[in-house]
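Work out the full structure, taking the sequences as your base and the hints as a guide.
In case you want the letters, here they are:
Protein chains: 4
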Amino acid sequence: MSYIEYKEKKVYYETHGQGKPLVLLNGIMMSTLSWKVFIDAFSKSNQLILVDFLDQGRTDKMEGISYTQEEQGEVLKTLLDELNINKINIVGISYGGEVALEFAVKYQQYIEKLVLFNTTAKTSPWLRDIGTGWNRSASDALDYYCTTIPVIYSPQFYTEKSEWMDKRKKFLTENVFNQKPFMDSMIRLTESAEHHDVVDKLSSIKIPTLIVCCENDYITPMSEQKQLNELIQGSQLVMLPNTGHASMYERPVVFASLVLGFINLEQTEFII
Amino acid sequence: MSYIEYKEKKVYYETHGQGKPLVLLNGIMMSTLSWKVFIDAFSKSNQLILVDFLDQGRTDKMEGISYTQEEQGEVLKTLLDELNINKINIVGISYGGEVALEFAVKYQQYIEKLVLFNTTAKTSPWLRDIGTGWNRSASDALDYYCTTIPVIYSPQFYTEKSEWMDKRKKFLTENVFNQKPFMDSMIRLTESAEHHDVVDKLSSIKIPTLIVCCENDYITPMSEQKQLNELIQGSQLVMLPNTGHASMYERPVVFASLVLGFINLEQTEFII
Amino acid sequence: MSYIEYKEKKVYYETHGQGKPLVLLNGIMMSTLSWKVFIDAFSKSNQLILVDFLDQGRTDKMEGISYTQEEQGEVLKTLLDELNINKINIVGISYGGEVALEFAVKYQQYIEKLVLFNTTAKTSPWLRDIGTGWNRSASDALDYYCTTIPVIYSPQFYTEKSEWMDKRKKFLTENVFNQKPFMDSMIRLTESAEHHDVVDKLSSIKIPTLIVCCENDYITPMSEQKQLNELIQGSQLVMLPNTGHASMYERPVVFASLVLGFINLEQTEFII
Amino acid sequence: MSYIEYKEKKVYYETHGQGKPLVLLNGIMMSTLSWKVFIDAFSKSNQLILVDFLDQGRTDKMEGISYTQEEQGEVLKTLLDELNINKINIVGISYGGEVALEFAVKYQQYIEKLVLFNTTAKTSPWLRDIGTGWNRSASDALDYYCTTIPVIYSPQFYTEKSEWMDKRKKFLTENVFNQKPFMDSMIRLTESAEHHDVVDKLSSIKIPTLIVCCENDYITPMSEQKQLNELIQGSQLVMLPNTGHASMYERPVVFASLVLGFINLEQTEFII
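Protein chains in written order, with UniProt numbering: chain A, 1 to 272; chain B, 1 to 272; chain C, 1 to 272; chain D, 1 to 272.
Incorrect hints may appear among the rest.
Taking lysine to aspartate or glutamate and the EDC-like style, the derived pairs with C-alpha atoms no more than 20 Å apart in a straight line are [stated by the list, open to error]:
# : chain 1 : residue 1 : chain 2 : residue 2
1 : A       : Lys170    : A       : Glu160
2 : C       : Lys161    : B       : Glu230
3 : A       : Lys201    : A       : Glu112
4 : D       : Lys226    : A       : Glu112
5 : C       : Lys161    : D       : Asp129
6 : B       : Lys122    : A       : Glu160
Covered stretches of chain B (in silico footprint by chain A; criterion: 3 or more residues with CB under 8 Å from a CB of chain A, positions within the stretch not fixed) [as the list claims (entries may be wrong)]:
# : stretch
7 : 23-32
8 : 41-50
Residues from chain B that keep clear of chain C, each with C-beta distances beyond 12 Å, as calculated [as the list claims (entries may be wrong)]:
#  : residue
9  : Asn84
10 : Ser124
11 : Asp129
12 : Thr132
13 : Ile187
14 : Glu194
15 : Glu250
For the record, the hints were derived by calculation from the structure and aren't laboratory data. Predicted, not measured: the structure shown is a model, and the values here were computed from it. For glycine and all other residues, C-beta sits at the position ideal for the given N, C-alpha and C.
In structure tokens:
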């Protein structure tokens, strides 16, 4: 159980294994716990770092305090400084990918390689309204479930894993989405993404970047990652067919293969 | 102002123009009024029929009565019988496309050609949960707006037409989504779609059918229309890039061109 | 049997029916004869004009004379002047679409609406090399067939219509691709497309334009039509899934529906 | 310089490095030399095996002898037996992917994991005619270049790397495609693929399989890999946007990341 302090808030993190450091940045509804099944694979040849952002998991709540995704990037910066890490591989998914971008446009000298799953360069008016819908639904667990979860998973996954989804529905509505402190955090986290916009700064990024988009991502649609691919010089774009926004859960083998393959490939250029 | 009666409910309809009859079946949140800008184009060479389904527009509300999309098909059947029409072109979008399918699997002898925009053969568990999210949000106008509208329009349209969307937001939240009778109707209409499933009956359809899917349709995704295309023998599939679920509003020129071009083409086979 | 004269060459054309004039511009390997099955449908409410470009069909051969697609546009201009037509709907496929573009950037005041199937704004180095491959194969009928025909049809059509394709192979290799005058024309036609490039002029086009791309078009891939759609202001893009470059043959019903629906729609704006 | 013997033909192979064995199976026009830039990356943690199929590279020519891709699988089997390898990771691209499939349906007990880039389950009539076009062009170096090379690379790559392509054109037309022994081999290799068809046997494959398709692959189009993905139980599908058939050359970083990430991931299931 390790913590650092950021502006008088305790921030929870974990490290696992040895090797080139690699941090996995959580999606909005996730926490360090969400990566449990990936820990062995990711810490086999790397030092894996997991961290709960402000208002996530075992990190302190932010009652009464508003913040941005840029500030979550400062949390990451503080953690790296405490750990004396000056070069790291950053993997972010969704909210975590956006924090990764906020971090990258300020501190790219700290980044060895960058991997972005289901990430957008900017919170559009469309996405902002979706966020408002989430927050307006937060007082009713089933409403919140039905407003957020179907857009996170692909229709195919939802249908094929219906038993798993049913269990998850029961668990989330009975143990998570009915907990006011959790929901208050979700509201603040959602609000913290409202003003994310690094579009004009992306051309400065020169680090090797892998961008992954998913055919059935209905919250950060493929056009967002195509934009990232155009704006980040030399970046690589990969698409996962029949996959929704929660790509790490829908396609864990491909998620792990892409991350570990890209991060641990020493050669960055192949002159053919 | 014309009405027929269906099970003691008054059902509103309009006819415009002369020629091969053509009925446009409304999406769930629409009414005969929604087609206003299309009336001239569609009634120029055709008899255009518009109709409000049970719980829509000027048709009676269904307080305390539950019904299905199959029953909305019976409403259409009753209307055709009253108008002495025994051969008609049916164009449906979304909810209206599903009613068209429910009608087609029972009464295809009445159909000359069928055009389906943004239609699914079946309400999947995924779509059912989305519907539940809509209904759980119905007591708060802004919640309802933010839960339903962003998934109906493409992110591109939402962003490019932000001024129009803002006006629409104001209008819908201040005049429509805060009206209890309208919202009660929406709840029942949403419930009426829960058990739609004609998958096993589609192979019986032999009428010329045009199916239109949209790249950014996040409520009846393209995979649904690909399934329709596979199941309906000889059907034609067309895709609209950069377009969301509300294709008639996002791409009115293409909507009208496809419908009128397909419906009024006399030749149905071209032996090349 | 009607002819006009263009620079001492006889140019064959046909007109059918009455109404708003509409010209169908041939693909490279086509002639007025190729549209035979479409004549009834297209002349029902329109004056349909068909024309053989220089080196096509019943128009004179161009032995020893080189020309460009821009010049084929001049042929069209001459024809319109002879017929006293000062406003026309132009539909072009592939080579014909490119001639339509060459014409449009010079004479858009003559165009009412423009429809482009499988068209590129520019002959890229990639496409130029494909053309060279065609021409180097021209001395062997089977070589020419196997070099040109598979890239023109989608793999799906080729496989599903294998009997039709086999007959076509026999016919083309035994009666067409072994005819030196035809092959010499094909070589010159292919060369005439080498320098097509209107990219920088497309922003001047203000006429209603429909652009159709096909999922399995491997000679003018979808990215080409997406570029046209971005460059031609207000243009409409439609995609045909499971369809190759010869879209008029693979999807004749959709081809005719799109053209006639778009051309004959009087309303060009729908203010929603 | 190592050789084994297969039916009195010398078969060239190389091994590099130590670790879990991994064989890269060549595309039709490739040889062990083609993998030069990948050797360091692929042999860092694995024993990398490269092999020239019959009629490729330093392996004997097959003058007067016809063979199939199934037989190339037997060559691989013979090599594994000689090297005393009874469990190997197989990565094949195009022709090599098809040989991998022919091997897998007979000897899957020898395979740990399977990775297929740009591979088809069956040589369709369409692909067979393309092959015939290649072979009919084989007597003219420039014809052969223009018939084969543009369909191997994406239009984007061809245009962006035009200088590299020009050099390659010069090299291939002046040093390779004008060499009769090489061209005779290419003709036989192309013929050896004519009857490839493992469609009905794919359901028996139970090994972890990664399938990679490319958006601009115009010789083994994406629909082919979608079919593989449906037929091989539990297989993973990944798509590379803006990439042609020669994916290893167009996207070497992603190629290496996917292969090494997937092959070296010890965990094969992630129970979420």
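Tested hints:
1. Pair hint lysine 170 of chain A plus glutamate 160 of chain A holds up; C-alpha atoms about 17 Å apart against a cutoff of 20 Å.
2. Distance restraint check for lysine 161 of chain C and glutamate 230 of chain B: the Cα-Cα separation of roughly 17 Å lies within the 20 Å cut-off, and the hinted pair is therefore satisfied.
3. For the suggested pair lysine 201 of chain A and glutamate 112 of chain A, the alpha carbons sit about 18 Å apart, so the restraint of at most 20 Å is met.
4. A distance of roughly 34 Å separates the Cα atoms of lysine 226 of chain D and glutamate 112 of chain A; the hinted pair therefore is violated under the 20 Å criterion.
5. The straight-line distance between the Cα atoms of lysine 161 of chain C and aspartate 129 of chain D is roughly 14 Å, inside the 20 Å bound, and the hint therefore holds.
6. The hinted pair formed by lysine 122 of chain B and glutamate 160 of chain A meets the criterion: a straight-line CA distance of about 15 Å does not exceed 20 Å.
7. With 0 residues having a Cβ less than 8 Å from any Cβ of chain A, the stretch 23-32 of chain B misses the three-residue criterion, and the hint is violated.
8. Figure legend: the stretch 41-50 of chain B, annotated as covered by chain A; annotation inconsistent (0 residues with Cβ-Cβ distances under 8 Å, at least 3 required).
9. No Cβ of chain C comes within 12 Å of the Cβ of asparagine 84 of chain B; the nearest lies about 27 Å off, and the non-interface call holds.
10. No Cβ of chain C comes within 12 Å of the Cβ of serine 124 of chain B; the nearest lies about 21 Å off, and the non-interface call holds.
11. Against chain C, the non-interface label of aspartate 129 of chain B holds: every CB pair exceeds 12 Å, the least being about 28 Å.
12. Every CB of chain C lies more than 12 Å from the CB of threonine 132 of chain B, the least distance being 29 Å, so the non-interface label holds.
13. No Cβ of chain C approaches the Cβ of isoleucine 187 of chain B within 12 Å, the least distance being about 26 Å, so the stated non-interface status holds.
14. No beta-carbon of chain C comes within 12 Å of the beta-carbon of glutamate 194 of chain B; the shortest separation is about 29 Å.
15. Distance check on glutamate 250 of chain B: its Cβ comes as close as 9 Å (rounded) to a Cβ of chain C, failing to clear the 12 Å threshold; non-interface status is violated.
The structure fails hints 4, 7, 8 and 15 (numbered hints given earlier, in ascending order).
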